[in-house]
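What follows is each chain in one-letter form.
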Amino acid sequence: MAKVSKKKASKKKTRSGGAEQSNEGHPDVIYDDEKEEDATDDDVTVEDEDGYDERKRQKLLEAIGTLSGKRKKTLGERSEAAVHMSEFTVNAEGEGDKVDLSDLIGSMKTTPGLSGKSKKRLKNLEQSRKTIECPLSKQESERIRRDLAFQKVSKEVSHWKSVIRQNERAEQLVFPLNQEHSGPKPIERVVMDWKAQTPLEQEVFTLLSANKQPINDPILTPTEEASMKAMSLEEAKVRRAELQKARALQSYYEAKARRQRKIKSKKYHKVLNKAKSKDFQKQFDEMVKRDPAAALEELNKMEMARMQERMSLKHQNSSKWARSKAIMAKYDEGARKAIQQQLEVNKDLTQKLVTSLNKEEEETMEEEGNADVVPDFVNDAEQGLDFSNPWMTGKLSQDCVEKETSNAVTIRAEENVAEEEEVEETEEEVLLREFDNRRKRRQAQEADAPVMLMEEEEEEEENKDASDKEEEELSEFTSLFKGLAEGCGEADTAAELEKELKIRCQEDEELLTQGKEAEEEEATDKGPVVPQHPPATENTQKTGKSRKRRKGIELKQVLTKGAQVLQVPFAPTIEDAEDSEEKLDQRGLIKEAFAGDDIISDFLKEKRKQEDAGKPKAVDLTLPGWGEWGGGGLQPSCRKRRKFRRKMTPPTPRKDQHLPGVIISEKRSSSIRLHQVNALPFPFESPSVFENTIRSALGRTWNTERTVKKVTKPKVVTKLGAIIEPMTREELVKDKNGASAGTSSSVKRKP
Amino acid sequence: MQPGGPGIPQCNARSPTLFTINTWLVCSLLANIFVAIIFPFCKRVPLRYQMKVKVIARNPDDYVRETKLDIQRVPRNYDPSLHPFEVSREYTRALNATKLERVFAKPFVASLDGHRDGVNCMAKHAKSLSTLLSGSCDGEVKVWNLSKHECVRTLQAHEGFVRGMVVRYCGTSFFTVGDDKTIKQWKMESPGYGEEEEPINTILGKTVYTGLDHHQNDPVFATCGQQVDIWDEQRSSPIRSFTWGVDSFSSVHFNPVETELLASCASDRSIVLYDMRESTPLKKVIMTMRSNTLSWNPMEAYYFTCANEDYNLYTYDMRYLAKPITVHMDHVSAVLDVDYAPTGKEFVSASFDKTIRIFAKDGGHSREVYHTKRMQHVICIKWSADNKYILSGSDEMNIRLWKANAAEKLGVLAPREREAANYSQKLKEKFQHHPQIRRIARHRHLPKTIYHQTKELRVMKEARRRKERNVRKHSKPGSVPVVSEKEKHVVTVVK
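As given, the protein sequences belong to chains F and G, one line each in that order.
Count the first sequence with the UniProt record's numbering and you get residues 1 to 751, in order.
Count the second sequence with the UniProt record's numbering and you get residues 1 to 495, in order.
Only chain F is shown next, with the shape it has when bound in the complex (with noise of 0.2 angstroms):
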């Protein structure tokens, strides 16, 4: 293999000519081929065992011309022709020869024209006695040459380094690069797609853009555009304003129809509908006057109105609600009632008289009208009756506060919409304050019922500042009765809680069961009592003062407070006891329905039991038969024991210490090793990090939808079916601008 090679750069070589020569001088160059310098050598050694004289003969010339130094062109036996030709098939003469700077000297003198400058100069040089420096090797000289290049293709090829670096620190990166945004275009742009290229054209360009002044002429120029936006902003505001207005007054018309509709009086619907009828009494004269067309139009439909009553029966005796009256009518005096009124309705409806129109309004007055005999607030919330249901308890004090709220909104609207609306402000309006105000009234004073019992002087305060005061002590009164009610709740169950305090600081082991016994026996003597002093009686400081108390140990009742279920009755109201009894609360359900197991015991039993187990457990260390006799049946020393004994230094607290309703298990379990990362991950500088990476949920349980699509958003996008191309150089222009300009230019630039 060497040597085949060795034979094919020797035939480079004669081939080429001299150039070669000068390697010789230099053979310890390290970074080029060694291979070329002992190939003129190698050349000498002729091969014999050619057969053809002529072949033979032709290497022997050549051998001699080389050995002799003068360098003829010769040619090797394959060649092709595009290499030793010009492609234009001229060839010098003499193209071989080297020219010497003494023939160039000796034409000199030979031709005329030359100045005497120039000769005298050249004289100079051939009389000066210095030689020039040798030129750098080949080698040496085509090394810099290679050094230089490669500096600058680098310096080139590292402006890609911001675009890199930025790709790789980039969220999300969408292929292909470049892509054209979908969608209709508009035709502004399609027409953009000239480009200016010639320097006019891009100074005019260019020109045009600073003045701001159109390229394809569009109708209107980007000021005029301007200016339009800016008249527009005003006329906006104003608009904007108007439909503030209009939405303002709408909205309070209609809470103002809400709050109407919502009112249950009778009496208020009686004077509303009398108000409306003897209106449109007015108006229809009116009409008479004026329009008798119209009345007449009107007319007919009242006429209509009574057709159809009269067809449908509606107010006869004939329907359900009419039909269940009937039975009650016989005992009730307020369905008897009913049934009467619902007949006149009939009558009057049924008569060919002029009427009042609004015929659903008095039906559904009819319907209720047996509700007159019971008062409105049997369907308000009942206040301080039922602890146990948690939508009873509280809601009074913000029932209040929305009240007050809502009163004051339609106040508030009333007063702003009163220019326009003083017309329609009418006794209506007077009465339904009033029947508000009556409302809070008596919400007021049902709340204050059971309080009253235990504060009788500021009873005496309240009845006489009555609607003035109201608002502020009822919440005031609602909060107390919260605090009385989870006093309560923890009055039955603070012995047993001490009880458990005591068993817990005893340093000797009682047994559990034991203990759990008297629990229950000490929570049954409690029990009976509780009721005795219903929460109303109780003195509200008092209970604060021991809820503070109790502070520091309030989670354990969390646990405690559910073995054991105590009926709280519900105190003054209640009339039957029948009564009472169907009514099981849902704490007894559920009482009833986990009888069985006794979760929360065999909890704490396990809690014990897991604590002991972390206790250390002293050290015998006792070596019996040493120092003193030993043998079967023969005990060491009591004193001995005593002083062998090690004592282990007490652990550290356990977290759970103060979580009744927690075992925290600070052993290492080695089934959950195996799913634990036991090293810190490549990437991640402190453990923190990555368990904050692990800590954060992803998924749509825990996070709305958008911040979903954030956070999963993949890390390489590629559109299906299209062809990636490579990064061109635009890339880097368009980078080059972002990071200079930081606001991409319209024109295109070349690259």
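Read the hints as simulated data drawn from the structure, not as lab findings.
One thing to keep in mind: the hints can contain errors.
[Claimed, not checked] Derived DEER-like restraints, expressed as beta-carbon distance ranges:
#, chain 1, residue 1, chain 2, residue 2, range
1, F, R310, G, Q72, 55 to 61 angstroms
2, G, K467, F, Q610, 51 to 57 angstroms
3, G, I440, F, L680, 20 to 26 angstroms
[What the hints assert, rightly or not] No more than 25 angstroms apart at the CA atoms, straight line, and that leaves these computed lysine-lysine pairs for PhoX-like:
#, chain 1, residue 1, chain 2, residue 2
4, F, K715, G, K403
5, F, K736, G, K430
6, F, K715, G, K68
7, F, K640, F, K655
Virtual Cβ for every residue (Gly too), placed ideally from N, Cα, C.
Using the hints, position chain G against chain F.
Below, chain G alone, put in the same frame as chain F:
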């Protein structure tokens, strides 16, 4: 007691206590109401207890779909206390996602057979995703339609091997070089009826050409053999040739980003860089073993990866050749070909050990390995231009089409499907360091030989390391320097 009793009918039937309680509750409630309604007059029941039943009303717009194709609206409460154990729940999801990924990992799509000798080179069409060209060891070139899995054209391009093939940037013609010392240019469309299959242009060279590549957007191409030549398409002689005292080159590749740069792999174990505009090469790096081929990163101008005979791949920054950026290990035999994904994030390598491996551009080990029983030494590999497929040509005359992501669903995804896929992908990423998940995600079935060879190599490496350590321990401090894995494989950089 089952807390969810009322919701589950079977439960109701089986647990009589619960049932009775419920019915009893309802009955009592009804009875109360009934009593209040029927006997309002009765003195026994005070009037205060009359009840008005308020019905909770909902606006149907909040829960009724407009059409049945809509998704059911699920009002959600994001209160974290309502959704506890998020980490463990997501961990379970991640585990399931990982397992499912492994279940669905079926990368093999199709095999294209038709060549009568080993496939030696392939070329992607520049403009059409569904077209592939392949040249075999008997000089035959085939044009394939990938979507139909069929050969659309066959031509006898050369005598002997087709050494290299490249499609012109416009996609209208392609070049081939072969063992018969010719460069031929062919039209992309097949000849009409009655016409003969003839090249547009043929260039007779002096020596065998072993590789070929085309400029990204100029009518210039480069060949390699005894030297690296740059050709103008219009001329029959090279416009430039680069030699740097070596005998032969195995491949040459244009940089797709900085389009004037080239790199070639020489048989003297070196990689040489060129600039088309300069008259001399730029630089060369000599490694311990020969590089077979290289591939430039199409998105990052100065990175390229070479496939080496020493079973590894090396990613270099062309500005700093003294040390590769990354050494990609995992193959157990010489790496024969490498190709970058068009996104520049990953590359695929083909090896003599009959496997294909996919590496992240900065990953030391492969993320994926593909193999089949019948696939022999993989000679050439390509990553499709839409980043979805991998094409491999192997010794046993077949071209195989693989998915780039083994578990990816092909085709258009519904938006919800895509979201679900994205979510599970993120979960997998999030929990990738957890041992159980990593174990499943990394598990690959390998052919027995490769498995054992990997083990063997590991043992050898460990032994060498141990030896070196011992030598260092027993010699003068500092006399045996620590050489990193990256530095080990570079002999020298020649300026």
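Does the structure break any of the earlier hints, and which numbers would those be?
Going through the list in order, the structure violates hints 1, 5, 6 and 7 and respects the others.
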